[in-house]
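Peer 1: These are the residues of each chain, in order.
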Amino acid sequence: MGETFYIFNNGRLKRKDNNIIVTTPDGRSKNLKSEVTDEIYIFGELDMNTKLLNFTSQQNIIIHLFNYYGFYSGSFYPRETKISGYLLVNQVKHYENLDLRIELAKEFLLSASHNIYRNLRYYNGRNGKNVDLEKSMKEIQSLRNKMKDAEDINQLMGIEGNIRKIYYSRWNDIVNQDINFNKRVKRPPDNMINSLISFINSLVYTTVLSEIYKTQLNPTISYIHQPGTKRFSLCLDIAEIFKPLIGERMIFSLLNKNQITEDDFEINSNYLYLKETGKKKILMEYDKRLMRTIKHKDLNRTVSYRHLIRLECYKIIKHISEEKRYEGFKIWW
Amino acid sequence: MKNVTGVIFYYYFICKRKLWYFSKDLNMEKGNELVEIGKLIDENSYKREKKNILIDENINIDFIKDWKVIHEVKKSRKIEDAAIWQLKYYMYLLKEKGVDIEKGILDYPLLRRRNEIYLTEDDKYTINNIIEKIDKIQNLHVPPAVIDAPICKKCAYYELCYI
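Residue numbers (the working numbering), protein chains in the order written: chain A, 229 to 561; chain B, 1473 to 1635.
Hints in this document: simulated from the structure, not taken from any laboratory.
Given the structure is predicted, the values throughout are model-derived calculations rather than measurements.
We treat Cβ as the ideally placed atom computed from N, Cα and C, and that holds for glycine.
Treat the hints with care, since some could be wrong.
Taking lysine-lysine pairs in the DSS-like style, the calculated list, with each CA pair at most 27 angstroms apart, reads [to be verified]:
(1) A:310 <-> B:1626
(2) A:523 <-> B:1626
(3) B:1560 <-> B:1575
(4) A:552 <-> B:1608
(5) A:376 <-> A:393
(6) B:1502 <-> A:523
Far from chain B by the CB rule (all over 12 angstroms, computed), these chain A residues [unchecked claim]:
(7) 285
(8) 305
(9) 328
(10) 329
(11) 342
(12) 481
(13) 490
(14) 519
(15) 522
Let the sequences and hints guide you as you build the complete structure.
Peer 2: Written out as structure tokens, the structure reads:
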């Protein structure tokens, strides 16, 4: 498993011999051990040239770029070398056939909503507040049952929207800080929590992309989301499953431990803009979480949260090769 | 019918399931630590020889001496049987092309050992037979069952098979 680098500095990223070096304007430099690097996240303003891009491509390193406000701009990733025509044909077949498509979409969303349910269960009665989340948990369970009978993708997504609405409505009870979060607002986010969700979702998205990249799956052909337009939509599908585990649990914990507070945002930007200190704290915690491990039941091996995403890809590969029915990842602890 | 590469022939003796996946371009070797070690051994041994001779874009021979002796470099002797047949297959293909190969040598640079291999008339018959069987496996709609053997634990395909 390779390493991930997060660069906040301004300066220059260059190839020097067979190394990747970051140099800052004041002359400091750091070697990024290209042999063992998998991904580089860039938050600062860096100069780079084609020699560097050619080299990262050769080393199979993905570069994710974020703009000044911390929003995801895009990725530079090496030419696909893991291509299987066989798998692509099957991926498309499972998209084109509505029965096959909805089967997969359902499994994604049933897993995602199970994980949401688990988050509520975890916080039910915690925090010394004695918050009672039972009612919402029950509502979510009954919506999940409805999900099983959904007949088309729109209906399915409608139910999932309702689940998320209930879920979000309880965040004020879960989070100890006094933030008035009622609903999810994007583009632009309008309070601390919405900004955190946007930022962290984009991290989960890029992590999923990096993992899909290591398999033969094509990231543009998806099942819940419409394929391909402007985004790697399969990443969005798979991210749904992992957002509650990796992203949202982290948001709760960052806020409840007061690791992230109003001070980490530019207040005048209406909480839109996370300061560098805030982004750094989040990334450090995010990186730690990806490396967290659990004992996997089926494999009898210890695997990291990050690796769970790759295993999800393998299960999807087996499903669309018609070998074994896909069962989405559900939190079991 | 897809060309039978050296690797596919080798896999026939190790695991038919792996063979099937590999022939659908679902290869898992990249990034696997043991495979990377193997690659490093290949790159760093026998540097004076002319290496990696590609024939028919189909088989890739580690190196050949005077067009008489072909070599295959391996890390360990764990699955020697498969390696022996892989070499025999190379000899067989080259002989078909009129290149008269005397013998094959299995090299284990880490163990400082080598093993000489010869191709017999019987072997040719066996190889023909195996090629037919490989073709059948490649045409299966779903992959053959998991073999559940001790070697699975170290295989690059372990997670794909057992998840």
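Peer 1: Give a verdict on every hint.
Peer 2: Here is how each hint holds up against the structure:
no.: 1; hint: A:310 <-> B:1626; verdict: holds (21 angstroms)
no.: 2; hint: A:523 <-> B:1626; verdict: holds (18 angstroms)
no.: 3; hint: B:1560 <-> B:1575; verdict: holds (9 angstroms)
no.: 4; hint: A:552 <-> B:1608; verdict: holds (21 angstroms)
no.: 5; hint: A:376 <-> A:393; verdict: holds (19 angstroms)
no.: 6; hint: B:1502 <-> A:523; verdict: holds (24 angstroms)
no.: 7; hint: 285; verdict: holds (15 angstroms)
no.: 8; hint: 305; verdict: holds (15 angstroms)
no.: 9; hint: 328; verdict: holds (16 angstroms)
no.: 10; hint: 329; verdict: holds (20 angstroms)
no.: 11; hint: 342; verdict: holds (18 angstroms)
no.: 12; hint: 481; verdict: holds (29 angstroms)
no.: 13; hint: 490; verdict: holds (42 angstroms)
no.: 14; hint: 519; verdict: holds (17 angstroms)
no.: 15; hint: 522; verdict: holds (14 angstroms)
Hint check: no violations occur; every hint is consistent with the structure.
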